[in-house]
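Enquirer: Here the protein sequences line up with chains A and B, keeping their order.
Just so we're aligned, residue 144 is where the first sequence starts under my numbering, counting upward by one.
Just so we're aligned, residue 144 is where the second sequence starts under my numbering, counting upward by one.
Please note that the accuracy of each hint is not assured.
Said to hold, decoys possible - One side only, chain B facing chain A, incomplete, derived with CB under 7 Å:
no. : residue
1   : P182
2   : G212
3   : L265
4   : G287
5   : K290
As the list claims (entries may be wrong) - To list a few chain B residues with every Cβ distance to chain A over 12 Å, as calculated:
no. : residue
6   : D169
7   : D250
8   : L311
9   : K332
The set of hints was computed from the structure by calculation and includes no laboratory data.
Don't be surprised by glycine CBs; every beta carbon is placed ideally from N, CA and C.
Number of protein chains: 2
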Amino acid sequence: MAKITVVKNILDANDRIAEENRKLFDREKIYVLNLMSSPGAGKTSLVERTIVSLQNKYKIGVIEGDIQGSADAERIASLGVPVVQINTGGACHIDGNMIREALPGLDLAQIDLLIAENVGNLVCPAEFKVGENTKVMVLSTPEGSDKPAKYPLMFQQSEAMIINKIDLLPYVDFDMAQAKRDALTLNPKLKIFEVSCTSSVGLKDWFDWLSGRIESFQST
Amino acid sequence: MAKITVVKNILDANDRIAEENRKLFDREKIYVLNLMSSPGAGKTSLVERTIVSLQNKYKIGVIEGDIQGSADAERIASLGVPVVQINTGGACHIDGNMIREALPGLDLAQIDLLIAENVGNLVCPAEFKVGENTKVMVLSTPEGSDKPAKYPLMFQQSEAMIINKIDLLPYVDFDMAQAKRDALTLNPKLKIFEVSCTSSVGLKDWFDWLSGRIESFQST
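The shape of chain A in the complex, shown without the other chains (with noise of 0.2 Å):
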């Protein structure tokens, strides 16, 4: 009882901290997407071809999550994007309060779409809010199409599902019309996209949908 108590405390005290980043961002008209994904599913790739896409578009930035280390940073600092690594050190998610002590390194009046990458974790990104318009997952085909049955929370919160590495679809084990109905029995909502980062195939239409996104957003 006492541990339960303790969780949703500290998940109490998240959700506050989100909203006041929300409306941080309300006011500087910055649209946010929090980026999750089992480890190695892709998320660098996806946020670094994002970047080459809209960057003549949107002026962006991005937070990288990650327990240790700077190495996605630096790949996408190379980009001439303004960029802040939040290290973990340990912990398996980034949560508002890492959101919040990471925003004095971002010229915010500089920055229409900020991409926050969350450490690589199917299960607990899902419960932290970060004070995010939108929360969109990556899920790779070697993972496997059993994924959205066994890790539900993630499909459910998500608002799109990002399928990548569909170049892999020849050599892996991967059944496409299971894992999109499986996905949509726990999200009925959820928007999907087929892509690969490697061949860029697909990748359109999620620049398509983020751009939208983004317009509407910013015209209210």
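Position chain B against the provided structure of chain A, taking the given hints into account.
Expert: Same frame as chain A, but now just chain B:
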């Protein structure tokens, strides 16, 4: 500060229960393998291959840890070995107490090797002992060779790392030398196997190593 204290208390309590599990397993002469990885790295396939190879030599039992569902337990049960499904109901790892509660579902006198397949997660399971003799992790090539540097605790806590899906090496960006070097930097005693559960290449070395561990345990 309060949060840190709570986490420590939970881990202390878990260590105590894991130690009680360990004493029970020692009395019953059961070698326990805690198997961990990211989602979809191939834990269940490895368990299946291991059962098929070793079930004439050892009496094997399995505990399947999943957030929900019983698909993996059904796969294992079809091989004719006793299996108990733990549903963590959202929790991102299995712990000592979950294992203790699963044990009445198994006839311990009929088990030499107990395999506990953890929830797919490269972070949290490494923090929780369950009463195992050994922790073994699976890293799959599509996840990328940067994973040791980014998720260090899992590599530090494991006695062996099984690099799975080497049949996909021609199609993915995985630097084998980097993965091994970074993992060995974190854990110089780490035993490394390169395998494919699809083609079976490399698996014999894993079966031999595990058999050696079981026999060494039984003879003490």
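Enquirer: If a hint holds in the structure, say so; if it doesn't, say that too.
Expert: Comparing the hints with the structure gives:
1. P182: Cβ of B:P182 sits 5 Å from chain A, so the hint holds.
2. G212: Holds: closest Cβ of chain A sits about 5 Å from B:G212, inside 7 Å.
3. L265: holds, 5 Å
4. G287: Hint holds; B:G287 Cβ to chain A Cβ min 5 Å, cut 7 Å.
5. K290: holds, 6 Å
6. D169: holds, 28 Å
7. D250: holds, 27 Å
8. L311: violated, 6 Å
9. K332: holds, 21 Å
In summary, the one numbered hint that this structure violates is 8.
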